[in-house]
Amino acid sequence: MKKVDLEQEGIEIKKACCYFCHQNCGVLVYVKDGKIIHFEGDPDHPTNTGGLCCRGNVNLIHLDHPARVNYPLKRKGERGAGEWERISWDQALDEIAAKLAAIRDQFGSEAVATAGGTQRTDDWARRRFMNLFGSPNGFHNSHLCWIPTFMVETAIYGWCPFEIDLGLSRCIVLWGQNPGASTMPEMSAISLLKSQGLKVIVIDPRYTETAAKADLWLPLRPGSDLALALAWLHVIIYEGLCDYTFIEENCVGFDELTLHVEQYTPEWAAPLTWLTPDQIREGARMYAMNRPGNIQWGVAVDQLGKPAGSAMHARALLRAITGNLDCPGADLLTGPSPDFITDEEMELNEYLPEEQRAKQIGSDRYKLVTWPGYSRIAELTKKYWGKAPTAEWMCEAHPPSVFKAILSQEPYPVKALLVSATNPVNSYGESKQVLEALRTVDFLVTCDYWLTPTAMLSDYVLPIAGSFERPTITSTYGCSDFLLTSQRAIQPMYERRTDFEFWRDLGLKLGQGEHWPWETLEDAYLSRIEPLGYGVESYDEFVEYYRYHFPEREYYKYKEKGGFATPSGKIELYSSTLKELGYSPLPEYIPPVENEIDNPELAEEYPLVLTTGGGVMPFHHSEHFQIKELRFLRHEPYMEINPATAAKLSIEDGDWVWIETKRGRIKQKANLTEGIRPGVVYTQRGWWYPERDMRDPELGGCLESNTNVLTSVADEDCDPLSGTWANKGLLCRVYKAYDSDRKEDN
Amino acid sequence: MARYALVIDSRRCIGCHSCTVACRVHNDLPIDMIYNPVTTVGPTGVFPNVHMVHIPLLCMHCANPPCVDACPSAASQQRPDGIVWVDEKKCVGCKACVMACPYGARIPNHEKGTVQKCDFCKERIDEGLRPHCVETCHQKARIFGDLDDENSEVYKLVHGEHSIRLLKELGTDPYVFYIYGWEV
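As they're listed, the protein sequences go chains A and B.
So that you can map any letter, position 739 of the first sequence is 739 in the working numbering, and since no number is skipped, the others follow by simple counting.
Position in the second sequence counted from 1, then plus 1000, gives you the working numbering.
Hints were generated in silico from the structure; no laboratory data involved.
Just so you know, even glycine gets a beta-carbon here, dropped at the ideal spot from N, CA and C.
Keep in mind that a hint or two might mislead.
What the hints assert, rightly or not - Pairs of lysine-lysine residues, derived as DSSO-like cross-links and limited to a Cα-Cα distance of at most 30 angstroms, are as follows: (1) B:K1140 to A:K194; (2) A:K199 to B:K1156; (3) A:K570 to A:K557; (4) A:K99 to A:K509; (5) A:K15 to B:K1122.
As the list claims (entries may be wrong) - Simulated DEER-style distance windows between Cβ atoms: (6) B:G1045 to A:K648: 12 to 22 angstroms; (7) B:D1149 to A:K736: 37 to 47 angstroms; (8) B:D1028 to A:E355: 57 to 67 angstroms.
From just these sequences and the hints, can you work out the full model?
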């Protein structure tokens, strides 16, 4: 046992957080002389009450891992050759700023784009930089993760009811969400409440960790969520299970909806979802008859591609017609915080001129999470709540279209890409095209912990401070009415800096000085929490004594506020905002992007249905493959296939197999499991091999087992509302891989 | 005197392996050593009628520990509070205990030439803390405590729920209890 004396003199206990997903579980870090000697989950933290997942436990290994990037690096040799020169931050920032200024002069500000990952950064700072620089072309892969849902729901109810009042709930629907492998604190709460009678419905093609604990598991055909949601609407309306008082008082468009969903019977949905009409009815009844209830958001619906927007719309209406909104035990419309300074208020969106907004790539086709839809929704929410949703995330360039613009120069050239906290080769759709764009773009800068495949192709790589080296405010992408705060346990090691410092310092080099008053991230955070009125002198003091701010929970806010933040002031089952943007005001049926009914020829060639994107412990997206204390749990990528299907293909458990869609093929090992329907295949996401040659073209085998080689970002496969692309419900074939073709050419 | 026991509530365990990683990291174990693996049984049955259960394993801290009896150098010992542990200074690495333990809980350390095992993080217990694997469990599926204390959670669970013990027919009298939520 590694014995650490925690009682010794000179130890400070810092209230930090884990930073390996956005739960930001509380951690107590024992620091002596600027060095961390011990850490544990914080038993008093409301999120995790002391628990830490696999990733949380490797924080110290991550902190000083030999593969971390510790100094600014400048490319010496050819792009991707892995030859670097260590330079100073000042030199790096000077040179990057000069290059960006030159690109702006020649091609316009919009020729500079930025790519982000999931929320592990202070991206209000990135947005602030981009607004002041004049480019509308920042993006994340947020399209795959909640953001379209947020905007569709806000169009309908005037905010997204992401805050679930679980303690008083009688039923929770986990729609394409697997907290058992992704959000441990939520899973813990669900298990506890289930033992007290909470009904748990899991909608997932896979028998997941969570499905194994459910009262009802609905293993639908991947990608058919929309048909299921429409059929649930039909059952609830035509079996008279609605909350008619709530509808009468608060909704408009019920008659139109009733007529619209008449056609979507369970019998209609059965062949589309591969569920029986009885299974569909049972789920709808369980949700509608166990009130109050919740529909927890899950990424699956965001990742459907073309039917995504309509599916979110239909799912959102389920809450409205059952009255499961903003009452005790339901999904709450908390609105943004009226008290602290939100992310949006830190972004300086007013500085981005109208003519630059109009140039946002993709906003001509996908209007909801770009400037056209965002402006309209922000106008409505500002009028009602006084504040708007965060523009970073909710109002972004369409990522696949930016990668295409790099390659085609259409609609105009994109010459620089600044990458922060993401490895686009593995995390964005259609990886081969993304890789080509990264190889092609004139100027590539990456801010990361590691030399990822993307970093390897960069002109500059900047070392970023990770968990324990940075303070953190957790506020659900800047949209919650509460916040949790965490301290920096130690100053960043080596020459690492926070992403905030990167954007600020780059801004200072480009003449944005007057807009960056805060010298440290703590100063910036303090200015955000000051209006809460706790009277603290410093941010650290707030964390030390208060740690979080939860306003008193108010239900039925709409009663007091006189309605909802929509044009009519009602919940718009028939959405005027969507109609105004040129979309259907009611959720129309759109089939999965590739399916056996509409594409029988394709289905003959690719007879299996593929679902991708689902996460597995201990990895997070495309991260942590280099940490052997985690990798030993799953050292190779596994796909799931039913034994009956595998037998037909002469595939045995543990065989390497190729999984191929019309866009390409990847290799993973076969896990034969009865937890997946015959004819359905699941692949693990994110995989690359940091232990291999990281130089181009090998790039750590970043295409070999990478599920995004299989996904589709074709315009016709993207959701017309948000532009989100298709990770689920694709057609594929699977066949055994032999030793001779173990390596796929990049 | 306390009698320490661990209850594993399989109704809550999701097989996330946090306990395995926490144990390895905090006990600084080499990469080929695991004190507390999590095994998953299933999905059993035929789609869609399937079932899955996770069975975390570790030293059972038996009341009649065969490993202690088998140890020729008196390195394997049991404390009065029930914790079975190895005094590394006395261990000669003969692996007699590895053969004797029916639970596979004895792990050779090839770097040190000794055999090691879970000792319920006894240094932490002595300071009034809980073992790392228990502390880290988000799901509260691992419940540690004093089985002699009628007010303890472990006492209530062991006496209030239908719990089972692994291979108890061998007479080892294990002090790790499993709750499945149904008769086994």
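Check whether the Cα positions of A:K570 and A:K557 lie no farther apart than 30 angstroms.
holds, 13 angstroms
If you draw a straight line from the CA of A:K199 to the CA of B:K1156, is it 30 angstroms or shorter?
holds, 26 angstroms
Cβ-Cβ distance between B:D1028 and A:E355: within 57 to 67 angstroms?
Check passed, 60 angstroms falls within 57 to 67 angstroms.
Hinted pair, alpha-carbon criterion (30 angstroms max): A:K99, A:K509. Please report holds or violated.
holds, 11 angstroms
Between B:K1140 and A:K194, does the CA-CA distance stay at or below 30 angstroms?
holds, 14 angstroms
Do the alpha carbons of A:K15 and B:K1122 lie within 30 angstroms of each other, as the hint requires?
This hinted pair holds, its Cα atoms lying about 26 angstroms apart.
Mind checking the hinted window 37 to 47 angstroms against the Cβ distance between B:D1149 and A:K736?
violated, 57 angstroms
For the hint 12 to 22 angstroms, verify it against the beta carbon of B:G1045 and that of A:K648.
holds, 20 angstroms
In this structure, only the earlier hint numbered 7 is contradicted, and the remaining ones agree with it.
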